[in-house]
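> Residue numbers (the working numbering), protein chains in the order written: chain A, 1 to 386; chain B, 1 to 390; chain C, 1 to 188.
Treat the hints loosely; a few may be bogus.
What the hints assert, rightly or not - With a straight-line Cα cutoff of 30 Å, these simulated BS3-like cross-link-like pairs (lysine-lysine) come out:
1) K256(B) - K287(B)
2) K31(C) - K54(B)
3) K19(C) - K256(B)
4) K186(B) - K164(A)
5) K92(C) - K57(A)
6) K75(A) - K31(C)
7) K350(B) - K31(C)
8) K148(B) - K92(C)
9) K69(C) - K319(B)
10) K304(B) - K19(C)
11) K148(B) - K19(C)
12) K57(A) - K304(B)
13) K151(C) - K304(B)
14) K89(B) - K69(C)
15) K151(C) - K309(B)
16) K156(C) - K304(B)
17) K245(B) - K319(B)
18) K309(B) - K156(C)
19) K366(A) - K90(C)
20) K69(C) - K309(B)
21) K19(C) - K275(B)
22) K92(C) - K186(B)
23) K31(C) - K304(B)
24) K94(B) - K69(C)
25) K57(A) - K350(B)
Keep in mind that the hints were calculated from the coordinates and are not lab data.
These are the residues of each chain, in order.
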Amino acid sequence: MNLRELLTEHLPQMPEAISGIVMALLLALIPALLVVAAVVTPVGLLGVYAERRLSGKIQDRSGPNRVGISIGPIKHHLWGLGQSVADGLKLLGKEDFVPPGGEKVLFLIAPLIVFGGSLALFAVLPFGPNLVGADPNVGIFYVLSIGALEVIGVLMAGWASNNKWSLIGAMREVAQVGSYEIPMGIAALCPVLMTGSLRLSEIISRQAAEPVIWGVHIPIPGELFLGWNVFAAFPFNIITFVIFYICCLANLKRAPFDLPECESELVAGFLTEYSGMRWGLFFLGEYAAMFALSGIGATLFLGGWTGPVHYLAVHGFGAAPGGIGDIVGGAIEFTWKTSLLFILMIWVRWTLPRMRLDQVMRLCYKYLVPAAMVCMLATAAAALLG
Amino acid sequence: MVPERDVQSEELVVNMGPQHPATHGVLRVTCKTDGEVILDCEPMVGNLHRCKEKIAENVQYWQFMPYTDRLDYLASMNNEECYARAAEKLLGIKLPERMEYIRLIMTEAGRLSSHLMSVGTYGLDVGAITPFLYCFREREEANHLFEKISGGRMLYHFMRIGGCARDLDDAWIQRLLEFLDRVESKMDEYNTLLTWNKMFQERTMHVGVLTREAALAHGVTGPALRASGVDWDVRRDDPYGIYHKFKWSVPVADGKYGTVGDCWNRHWMRALEMKESISLVRQAIDKMPKAGPDDFQPVESPHKPYLAKGVPRTMRAPKGAEVYVRSENPRGELGFYLVSDGGTSPYRCKIRAPAFCNIAVLPHITRGYLISDLVAIIGSIDIVLGEVDR
Amino acid sequence: MGYFGNIWDGIRTTAQGLKLTTSVFARAVTKGSYTLQYPEENLPIDPVTHRGIHEYDVDRCISCEACAKACPVDCIYIESAPDAKGKPTKGKVSVMTRFDIDYSKCLFCGLCVPPCPSECIQLGARYSLPGHTRDEMVVHFHEGGYPVAEKTDHAKKMIEEFRAEGLYAKKRAERAALGIPTLRPADG
Chain A
1 MNLRELLTEH LPQMPEAISG IVMALLLALI PALLVVAAVV TPVGLLGVYA ERRLSGKIQD
61 RSGPNRVGIS IGPIKHHLWG LGQSVADGLK LLGKEDFVPP GGEKVLFLIA PLIVFGGSLA
121 LFAVLPFGPN LVGADPNVGI FYVLSIGALE VIGVLMAGWA SNNKWSLIGA MREVAQVGSY
181 EIPMGIAALC PVLMTGSLRL SEIISRQAAE PVIWGVHIPI PGELFLGWNV FAAFPFNIIT
241 FVIFYICCLA NLKRAPFDLP ECESELVAGF LTEYSGMRWG LFFLGEYAAM FALSGIGATL
301 FLGGWTGPVH YLAVHGFGAA PGGIGDIVGG AIEFTWKTSL LFILMIWVRW TLPRMRLDQV
361 MRLCYKYLVP AAMVCMLATA AAALLG
Chain B
1 MVPERDVQSE ELVVNMGPQH PATHGVLRVT CKTDGEVILD CEPMVGNLHR CKEKIAENVQ
61 YWQFMPYTDR LDYLASMNNE ECYARAAEKL LGIKLPERME YIRLIMTEAG RLSSHLMSVG
121 TYGLDVGAIT PFLYCFRERE EANHLFEKIS GGRMLYHFMR IGGCARDLDD AWIQRLLEFL
181 DRVESKMDEY NTLLTWNKMF QERTMHVGVL TREAALAHGV TGPALRASGV DWDVRRDDPY
241 GIYHKFKWSV PVADGKYGTV GDCWNRHWMR ALEMKESISL VRQAIDKMPK AGPDDFQPVE
301 SPHKPYLAKG VPRTMRAPKG AEVYVRSENP RGELGFYLVS DGGTSPYRCK IRAPAFCNIA
361 VLPHITRGYL ISDLVAIIGS IDIVLGEVDR
Chain C
1 MGYFGNIWDG IRTTAQGLKL TTSVFARAVT KGSYTLQYPE ENLPIDPVTH RGIHEYDVDR
61 CISCEACAKA CPVDCIYIES APDAKGKPTK GKVSVMTRFD IDYSKCLFCG LCVPPCPSEC
121 IQLGARYSLP GHTRDEMVVH FHEGGYPVAE KTDHAKKMIE EFRAEGLYAK KRAERAALGI
181 PTLRPADG
């Protein structure tokens with residue numbers, strides 16, 4: 001339609017439409033801000049702390065252990081928990097530097113896109129029964145596509161930095177993350193095949209049902225491990241889970257796939273020219289996305305918020321479905337699984353050397369994609385059986 | 001309508017360093033790349049030039065000793081030993097047997113400490129940070145040891161012309177033996193995390209292959225030369241000191257793993273040399289003789305050096321005398337060329353720095369590899385910029 | 001090595017690496033990590049052999065300048081008060097008006113220590129000398145800030161003789177007359 005049509009035909013309805021848009025924005029914005037304040041920032045800060053502390057112990061040193069509280073007579077080092085907060089405050093006070101000759105606008109919005117991308121993942125993350133922002137019927141599809149938004153931010157950052165190292169880093173990111181979307185998508189299809197739905201809540205509830213493995217019905221509650229998708233089409237979905245996890249590492253640019261920002265080759269890759277809180281946003285976004293993707297992995301393959309702790313809460317302590325016990329049990333269940341996957345990411349990072357770009361690509365196309373295909377076929381067969 | 005543009009691709013010139021995390025100091029490498037593939041590169045040295053050779057001409061023979069520490073600052077002990085031997089040869093000083101044993105123990109322990117660093121930082125170059133810190137943990141023990149005996153943690157200034165700073169006592173030797181046991185037991189850790197790790201092997205095997213011919217043509221020495229399959233070690237082939245008295249072998253790459261001359265083999269040679277050094281130190285400690293009654297000057301206080309009898313206070317070499325003395329440093333063949341004009345300081349001092357000669361081969365072995373490989377290759381050559389630039 | 005051999009090798013060596021890091025992690029958590037908490041904990045330092053910041057007894061110094069001549073970087077500056085003829089005092093009667101060491105130049109090589117005939121200079125166990133300017137890197141040792149702490153047998157004997165002659169008090173008084181304070185007495 002052209003402008004004339006718009007003005008003549010649709011103008012009368014405009015005020016209503018505008019108020020609708022404003023309402024929708026407000027409705028979306030307030031929960032989003034709440035999520036940022038209550039979930040993402042603490043998760044990011046705790047993630048940074050966990051990374052530094054665990055890597056310290058792995059390397060036979062202490063890691064941050066000083067920054068605690070000192071309010072009047074209350075003095076405690078708090079095992080260094082305040083370190084991330086202190087670092088964040090320091091970053092806020094730093095100069096917001098834009099490299100001369102760079103694309104200023106792109107440079108400034110790139111970290112927002114990366115951070116926003118990982119933030120959006122939290123919208124569908126099922127923390128517990130009824131403890132979820134949104135449960136769209138395209139759940140996994142949403143996760144995969146929003147997760148890919150980060151690439152654009154990184155490419156912008158690399159291009160706008162006017163720095164050759166940044167550009168090389170951004171190009172590596174595009175090649176790497178673009179490639180790993182393929183095995184990741186195939187691996188994520190396996191739970192979908194078992195469930196027959198893209199909706200995350202249905203994937204979870206299917207894992208709580210009594211398990212059927214290769215058509216054999218096992219009469220125990222699915223929440224006691226065996227119902228989880230990782231045991232579906234045994235042993236193929238264990239491989240699928242590993243593939244999904246490796247793809248998560250690659251998409252998050254975690255070692256051994258930290259090629260876009262590897263400090264010993266590209267100085268800091270696409271982050272080279274960033275400083276202050278914009279750099280902090282990249283960092284926070286990375287840790288938030290680590291947590292979110294760990295949560296998605298736990299939801300798809302490890303039963304999400306259903307599992308032994310939740311089972312104990314419902315059947316051991318008699319919590320009513322939808323009641324407070326149910327929700328708390330589910331939330332604890334979800335948290336321990338996600339934290340485990342999160343810690344595994346840290347553990348892997350501080351053990352392995354970095355790969356080279358061609359090796360990353362070879363791993364993807366030569367090993368992960370065929371393996372994921374085989375696993376998907378096996379899962380399809382298992383799904384047909386029951 | 002998208003306006004037509006000239007789409008053209010061109011070579012990218014990236015400037016790596018001098019402030020780059022993986023160039024081991026202030027090396028600057030300008031690389032001409034096609035995407036990530038390196039077409040050509042050129043190491044630019046000289047950012048750490050401190051006129052060491054000129055300083056040698058302006059200070060007395062014994063005053064130059066602390067400066068040699070600062071050549072290859074990771075293997076100070078070996079530099080000192082080589083310079084001390086050069087000066088002793090020029091001045092005609094003979095060493096008692098015990099001093100030769102002390103020299104050997106200290107240089108081999110220094111080699112061990114230096115290789116710990118090389119192996120660890122090589123892990124860092126290929127992205128494994130943890131083995132780097134494990135190596136540093138063990139190197140820290142070596143630093144304690146050297147600090148205890150020489151007073152310095154890194155720049156030891158232990159050797160003196162005609163002697164050393166102080167005699168090795170039994171308690172210290174006991175600690176040294178404990179340190180050797182500790183390193184020997186921990187070497188499996190480095191090998192697990194690096195040498196035998198599949199990803200590390202993928203990164204380093206068949207990468208940066210330096211052929212035997214190219215290595216000889218470029219004057220490459222040390223572990224890098226032996227990794228190319230050339231069986232050459234100054235300690236054995238141009239013997240000095242008392243190396244002939246012990247049973248030890250020179251590790252040479254045999255092509256069992258990877259390609260002869262690749263990065264992995266250069267790393268592996270260092271790991272094997274660490275074992276040889278441990279064995280040499282143990283043998284030397286076993287056989288070390290007591291000092292004879294006329295061997296050494298009396299030491300009045302713990303602050304006076306432990307010198308052989310007959311070492312003059314004022315050192316003057318005969319006019320026109322010249323020596324070239326070389327030794328096997330952890331990084332290759334270190335040589336000191338000294339010319340005397342009869343004064344108390346050398347007329348000319350030329351230092352043949354192994355790292356300087358080894359870095360010259362970099363363009364030759366990086367062409368056609370990726371930027372990631374460049375970092376791995378620089379790390380495997382194991383340069384120390386203090387020595388490259390002098 | 002075939003396709004599946006590669007996969008197996010990758011998994012096996014990765015698992016070995018993870019096992020190793022876990023064992024180090026467990027050891028660090030249960031038995032404490034290798035590192036020290038620096039300002040509270042310090043590495044043991046041998047006070048005799050360590051080559052740290054100098055220790056110097058201004059009273060016993062005979063102003064012979066042997067240390068300054070031995071220094072390869074010429075970072076020691078020595079001046080003594082003139083005698084009746086206007087020449088700098090040397091030997092036992094010398095009164096030090098300047099003994100500065102410029103630590104922005106010093107190599108900590110220890111070559112200044114062996115030549116000293118009265119063993120009044122040595123390198124001590126102190127290693128921390130932070131400052132913001134180059135001037136702060138110059139330490140005025142003639143003010144007696146860092147007297148020799150770890151004394152050798154030979155030095156002890158010399159100190160006893162020196163004290164018996166009552167020279168400590170005399171030297172201090174002479175320096176005080178020139179306006180040079182003594183921060184820490186060497187015989188104390």
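> Identify every previously stated hint that the structure contradicts and give their numbers, smallest first.
1, 2, 4, 5, 7, 8, 10, 11, 12, 17, 19, 22, 23 and 25
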